[in-house]
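Asks: The task is simple: from the sequences and hints, build the whole structure.
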Amino acid sequence: MSTALVTGGSRGIGRAVCLALARAGYDVAFCYSKDEGGARETLRLLEETGAGAQPFLCDVTDESAVKEMFSALLGLEILVNNAGISRSGLIQDTSFAEWKKIFSVNTDGAFLCTRQAVPALLRRGGGCIVNISSIWGETGAACETAYSASKAALIGFTKAAAKELAPSNIRVNCVSPGMIATDMNAVYTKEEREGFVKAQPVAREGAPEEVAAAVVFLAKSRYITGEVLRVNGGALI
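In our numbering, the protein residues as written are 1 to 237.
FYI, nobody ran anything at the bench for these hints, they're computed from the structure. Please note that the accuracy of each hint is not assured.
[Said to hold, decoys possible] With a straight-line cut-off of 27 Å between C-alpha atoms, the simulated DSSO-like cross-links for lysine-lysine are:
#1 198 to 220
#2 163 to 220
#3 163 to 67
#4 159 to 100
#5 101 to 159
#6 159 to 67
#7 159 to 198
#8 100 to 34
#9 67 to 100
Replies: Okay, here's the thing in structure tokens:
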């Protein structure tokens, strides 16, 4: 049995990753924290593929809940740390509680899930971890300092974990999406999104499925680890 676990799988990039991995031949488990309707839809779509599907109601910032989720998984081969939140606002208007909440989900959640995944992957003899960062983790974004910093930390975590785990045949990589058509980027106005994509070589928003294709590529690429795969329409050329 080969199982992939995707955090934040109830919508957007997470759902697209779930479906892409199912179509690539994996059984798929996914977790969500609030969106029950979205989780039911992801489960329905997964079942249509014929893949094994297992949903979990799990807050990735809750250490006990994460441990419980992993104890119920069988055949783990791939972990995709996708769960994330964002907030727009000036530095001086960002409370410390908001800062810590963003890091708790985006960075701490990836650490907690990775820490639980490693023993299972060691028993299996290897596996793959893919973290979903962001273009803002590479370049920073004004008025999104907490989000940018948390995603930059995830890139550093990816590289360090890749070095540590490579001798155990566990690969760790990162996907860095640009402007993708998701609910998270709906906070930007139409004009702001259009202005961003016009400045890049591929002048359009990306689709969640294009990010998902990058995840599947990394999951199957046995000689790639510690890399940041950009899916951003050439925005950083």
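Asks: Indicate, hint by hint, whether the structure satisfies it.
Replies: Right, here's what the structure says about each hint:
no. : hint       : result
1   : 198 to 220 : violated (33 Å)
2   : 163 to 220 : holds (19 Å)
3   : 163 to 67  : holds (24 Å)
4   : 159 to 100 : holds (23 Å)
5   : 101 to 159 : holds (23 Å)
6   : 159 to 67  : holds (24 Å)
7   : 159 to 198 : violated (31 Å)
8   : 100 to 34  : holds (19 Å)
9   : 67 to 100  : holds (21 Å)
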